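Engineer: Sequence:
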Amino acid sequence: MHGRRKKILCFEIDCKWSTGKSKSPKPKTRKKVKADIKRLLDTDDELSDIQSDSVPSEVRDWLASTFTRKMGMMKKKSEEKPRFRSIVHAVQAGIFVERMYRKTYHMVGLAYPEAVIVTLKEVDKWSFDVFALNEASGEHSLKFMIYELFTRYDLINRFKIPVSCLIAFAEALEVGYSKYKNPYHNLIHAADVTQTVHYIMLHTGIMHWLTELEILALVFAAAIHDYEHTGTTNNFHIQTRSDVAILYNDRSVLENHHVSAAYRLMQEEEMNVMINLSKDDWRDLRNLVVEMVLSTDMSGHFQQIKNIRNNLQQPEGIDRAKTMSLILHAADISHPAKCWQLHHRWTMALMEEFFRQVHLSHSANVFGNSGCVC
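Here the sequence shown is numbered in our numbering, starting from 1 and rising by one per residue.
Everything labelled a hint here was simulated from the structure, so no lab data went into it. Note that the structure is predicted; figures quoted are calculated from it, not measured. Cβ coordinates follow ideal geometry from the N, Cα and C atoms, glycine included. Warning: the hint list may mix true and false statements.
Unchecked claim - Cβ pair distances, simulated, as ranges:
1) 283 - 316: 19 to 25 Å
2) 179 - 359: 29 to 35 Å
3) 261 - 359: 49 to 55 Å
4) 268 - 314: 39 to 45 Å
5) 358 - 251: 22 to 28 Å
6) 261 - 111: 26 to 32 Å
7) 181 - 282: 29 to 35 Å
8) 267 - 303: 40 to 46 Å
9) 313 - 358: 28 to 34 Å
10) 157 - 268: 19 to 25 Å
Stated by the list, open to error - In the BS3-like style, the derived pairs of lysine-lysine whose C-alpha atoms are separated by at most 27 Å in a straight line are:
11) 322 - 279
12) 125 - 322
13) 160 - 279
Can you build the whole structure from these sequences, using the hints too?
Structural biologist: Here you go:
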């Protein structure tokens, strides 16, 4: 039954490509994309063996508050809580194993230290070590990742981006990412997500399906997606009634701030990387960036997966913005699918950040079911 369902989905995808506005990808690309989509939608894998009883109640409560819009404000019935095995579905979208090609380096405008050049030779790989890049670059991994990908995709030339503006903007992003000295949500995480987005575009062939403006939007959104992250969760902001929670009416509090603050940087002429975009391109790019960054709000995770599943079964063409949003979302939570060395390091950093929030929760005298507003 499930095999028949997958064949039907693949047939529908073929139909969408043949009738869509976009150029149909090559046969090898079509095969790879369909295989990855089937892997993403497979709900009857080994995870079905995981029973809810094997997950501590505190963990299930945290998952329910994190992965749903309610965010702990209303106690839900146990049967309404998301199933534990579903949290890895978005991560599966980022698992790809073959490399299609490698582009050469172009470093005009930004001097690359020799150690950075060596490290970036691995940038097309799933196992890319962003921590090594951060060390090689003197803790400027985000700046070099942004410049590298803008150059590789020829975005600087295509959109007439002043190199001085791009470098100034990237450096300002790094300052904002370092504002709260977060162990996890910092410039290294931003560089990691940006590289992972590149990997997904490259190894699925999706980059050949996207327009140049959409590639710009995706790389840009990845770079800014956690800008000025406070190291605390949306629910923490809501429960503590923070200024940003009040400003954004408890809706995707941090995600709204990330986009707004990053665009505010570009109000300064010396950092306006989009200065030469046409009005139409500027508006289209902003719409895409806003939608993608807001989609990284974990409370919308399950609805996002449901929407993509439904979209694939519709006779209309695949929604490009939703596909791009899923790519960014998958990249954002992809470290559990990386090699153990990277995953372990990211996990330790995230745990430290959560423990810091525990102390803030005690200081603010605000407690959730587990003693922490997570």
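Engineer: Is it true that residue 267 and residue 303 lie within 40 to 46 Å of each other by Cβ?
Structural biologist: Once the Cβ atoms are compared, 33 Å apart, the range 40 to 46 Å for residue 303 and residue 267 is violated.
Engineer: Residue 283 and residue 316, beta-carbon distance inside 19 to 25 Å?
Structural biologist: holds (23 Å)
Engineer: Check the hint pairing residue 160 with residue 279 against an upper bound of 27 Å on the C-alpha distance.
Structural biologist: Status holds; Cα separation ~14 Å.
Engineer: Is the hinted pair residue 125 and residue 322 satisfied, with a Cα-Cα distance of at most 27 Å?
Structural biologist: holds (25 Å)
Engineer: Holds or violated: the 26 to 32 Å window for the beta-carbon distance between residue 261 and residue 111?
Structural biologist: Holds: the Cβ-Cβ distance is about 28 Å, inside 26 to 32 Å.
Engineer: Does the hinted range 39 to 45 Å hold for residue 268 and residue 314 at CB?
Structural biologist: Check passed, 43 Å falls within 39 to 45 Å.
Engineer: Measure nothing beyond the straight line between the CA atoms of residue 322 and residue 279; if it is 27 Å or shorter, mark the hint as holding.
Structural biologist: holds (23 Å)
Engineer: For the pair residue 181 and residue 282, does the Cβ-Cβ distance stay inside 29 to 35 Å?
Structural biologist: At 33 Å between Cβs, range holds.
Engineer: Quick one: are residue 157 and residue 268 within 19 to 25 Å, going by C-beta?
Structural biologist: holds (23 Å)
Engineer: Does the hinted range 28 to 34 Å hold for residue 313 and residue 358 at CB?
Structural biologist: violated (43 Å)
Engineer: Can the suggested window of 22 to 28 Å be confirmed for the beta-carbon pair residue 358 and residue 251?
Structural biologist: This hint holds: roughly 25 Å between Cβ atoms.
Engineer: Quick check on a hinted range of 29 to 35 Å for residue 179 and residue 359, using CB atoms only.
Structural biologist: Since residue 179 and residue 359 have Cβ atoms about 19 Å apart, the given range 29 to 35 Å is violated.
In this structure, the hints that do not hold are numbers 2, 3, 8, 9, in rising order.
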